[in-house]
Amino acid sequence: MKKILILMTTALLLGICTGCQKQEKEPEKLTVCVDYHFCDQARELIDVWEKLNEGAEAELVVIPKDSDTAEIKMTEIRTEIMSGGGPDVFILSCINPMSAQDEEAEAILFSNPEKMMYADVFLPLDEYMKQANYMRPENWNQTILEAGRTEEGQMLLPILYHYAAFAFHTTDVEGNGGIPSSWEELLVCENPVIQKAMSLTLYSKFSEIYGRLADYQEEKLLFTEEELLIRAQEAAQYIEATYESDAVENAPDKVVGGAALKVLYEYLAAEQEDYTIIGLPNEAGGVTANITMYAGINHNTKQPEMAFSLIDVFFSDEFMSGTGFRDGEHSFGQLKWYSWFEAPINRQAYQNMYSGLTQKDMDAIENLESKINAVRFYSNFDKELYNMFYLYVRTRDEDERKEMVHSTYNTLQMELSE
Amino acid sequence: MKRNIKKYMIGYLLVIPMMLGCMVFYAAPFGMMVVYSLKSSVGAGGSFVGLENYEKMFDNEMFCLAFWNTFRFLFVGLPLILLVSYGIALMLKKHVERHKLLKTVLLFPYVMPVVGTVLLVEQLWGSEGILNKCLNILGLPTGDWLESSWAFAIMILLYLWKNTGYSVILLLAGLMTIPREQYAVAELEGAGSFQKFRYITTPQMWYSIFFALLFSMLNAFKCFREIFLIGGKHPNTDVYMLQHFINNSFENLNYRKLSVASVLLFLVVTVVIGIIYAWVRRKESYRT
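In order, the protein sequences belong to chains S and F.
Going by this note's numbering, the residue at position 245 of the first sequence is 245; the numbering climbs one at a time, nothing skipped.
Whatever position you read off the second sequence (first residue = 1), add 418 for this note's numbering.
Some clues are possibly wrong.
[Unchecked claim] Calculated pairs, SDA-like style, for lysine to any residue (alpha carbon to alpha carbon, straight line, at most 20 Å):
(1) Lys402(S) with Asp562(F)
(2) Lys73(S) with Asn665(F)
(3) Lys457(F) with Ser83(S)
(4) Lys457(F) with Tyr118(S)
(5) Lys457(F) with Gly85(S)
(6) Lys402(S) with Thr560(F)
(7) Lys73(S) with Glu669(F)
(8) Lys640(F) with Leu496(F)
(9) Lys651(F) with Ser67(S)
(10) Lys220(S) with Cys482(F)
(11) Lys474(F) with Ser83(S)
(12) Lys220(S) with Glu470(F)
(13) Lys402(S) with Glu669(F)
(14) Lys402(S) with Ser566(F)
(15) Lys402(S) with Trp563(F)
(16) Lys457(F) with Lys402(S)
(17) Lys474(F) with Ser67(S)
(18) Lys51(S) with Lys402(S)
Bear in mind the hints are in silico, worked out from the structure with no lab data behind them.
Just so we're clear, the structure is a prediction, and the values are computed from it rather than from any experiment.
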């Protein structure tokens, strides 16, 4: 018996001693969590950052495209974060509401980034931003930037954003009751050109009738179930009415716009005719913009300065606009990485990307963007509203419609409270 | 005396690995969770906020809904499963020794893979399911039963179907331990069936009923898998359970809600089990 006891005690002590041995400290690599479709660009970014910061090293944690493997990876990352670890930097896309039936929608680590800002997941960046070497936040769109801020500070940095915008020939939209600047005005606007453009967009942008959807601090939705039902009815009736109208059917198409902002900008850069840009008006009399990509630093990171330096490089004018950094004769980090749909927060990037944009074009864009009165991160809320409205317009039964709204409202409340 | 100490030492030595496992993997994380539930955040910057997180949680409508639904599920499901399984166990008592396969058959629903169970439910009560087809033939209104308030009743039914067999086995084991002589004497004394049940069977079954209740409660919590697979992360409000809330809070990395909900769940379950156990102990005290 004594022998067994001695043997067990020795084994226990040996185990403890081996565990406590001081390991040689290797310089820790920065871990950067990205989506699969930003993987190549992130590698490029890391190369640039490593060149600018001698000795620094980073590795990527990529969330796979396939929903099953993505779920495993995301659970792993969430567990790491919950236990005080996880990747140092996040450069992630928001959910795309329209890819609701696609597996892409499943491969999203933070389905509601705005809600995450209140969950102690991200590190406030204000102090680091003051000491930044490359980024110049004063040159960014401040309305968009503000969306990443809570009472505790700047938690997330928006990278790309999107809003529904259309360019019309001015002659097509002049008269006929003027240009609608709010949802209520749009409902009574009888201009067939505008009606045609807006009704098509409403299918996919129903949630943009609203400004902010929720108060995440108080965990309250900013609209009631009755209001949601009314908005859905209004939007559906608007679409149905425009489909039945001959005037709308025969009206000229909008020039360009809607989903692909890049197309709009390129059009503006090339077109010489007189045009008017209009956004999809929301109920508060402005335009709702949605952030589609953002960056943040993990609250648990052990190397916040290092993590911020990578974000600093990413948000630099050189990287954002694709002009690259100079290294003597050569340039590096020249990367055109925007999709067709979004605009970068960095205003400098606009002008560098679309060299054909005149001052008049820039003014027109500025004018439209000044109407942005609500900025959200695309979230599962938009996805729920998109899914609901998609079915709503295809259903004729009023009871079924009410049930859809009721069920969606409940789901939104659940998502908000969890 | 020395031999006694040695005997106990071996016992403790054998128990130590399991206790260590319990401490490391259950007790310690649970202790951390209790601490998290009293802090403003998990990181080093988190300050002690007392019961503020608990207060907020009771203001959270969805937590209250989830708590109520879970309580309702247990309140309806547990008595039902005990009644049904006790009834079946009493009926089967005489036959169980003659038909050895009976116990195995009773466990079939319990061991059925979750996916199979979910498919069965969809086939029966889904929008394209057998019930709707029958109602259609009869010209009666159909519905999406799994997305309506009927979902709660369907889940109770599923729970009963899946777990009754297991409870029957537990109760049968208890029934088989009651000596036959006691019944024989009672019959000689002129006792009827109900009197035998009341004065011989039931007083000796409290521990078995307690264990059946305990396992039925555990199985009720396991039923969440099926509810989750049928209704998803956000099912109909009638079957939105505490596990939905906890699971989704984990996905949202909300430490505070996750820890507060887990601690409250633990407290309620412990108190309820404690009360029932104390009651059973009192009932069974005459035996010791």
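So, going through the hints one by one against the coordinates:
no.	hint	in the structure
1	Lys402(S) with Asp562(F)	holds, 14 Å
2	Lys73(S) with Asn665(F)	holds, 17 Å
3	Lys457(F) with Ser83(S)	holds, 15 Å
4	Lys457(F) with Tyr118(S)	holds, 15 Å
5	Lys457(F) with Gly85(S)	holds, 18 Å
6	Lys402(S) with Thr560(F)	holds, 17 Å
7	Lys73(S) with Glu669(F)	holds, 12 Å
8	Lys640(F) with Leu496(F)	holds, 13 Å
9	Lys651(F) with Ser67(S)	holds, 16 Å
10	Lys220(S) with Cys482(F)	holds, 15 Å
11	Lys474(F) with Ser83(S)	violated, 23 Å
12	Lys220(S) with Glu470(F)	holds, 19 Å
13	Lys402(S) with Glu669(F)	violated, 29 Å
14	Lys402(S) with Ser566(F)	holds, 13 Å
15	Lys402(S) with Trp563(F)	holds, 17 Å
16	Lys457(F) with Lys402(S)	violated, 41 Å
17	Lys474(F) with Ser67(S)	violated, 34 Å
18	Lys51(S) with Lys402(S)	violated, 58 Å
Comparing the model with each earlier hint shows violations of hints 11, 13, 16, 17 and 18; every other hint is respected.
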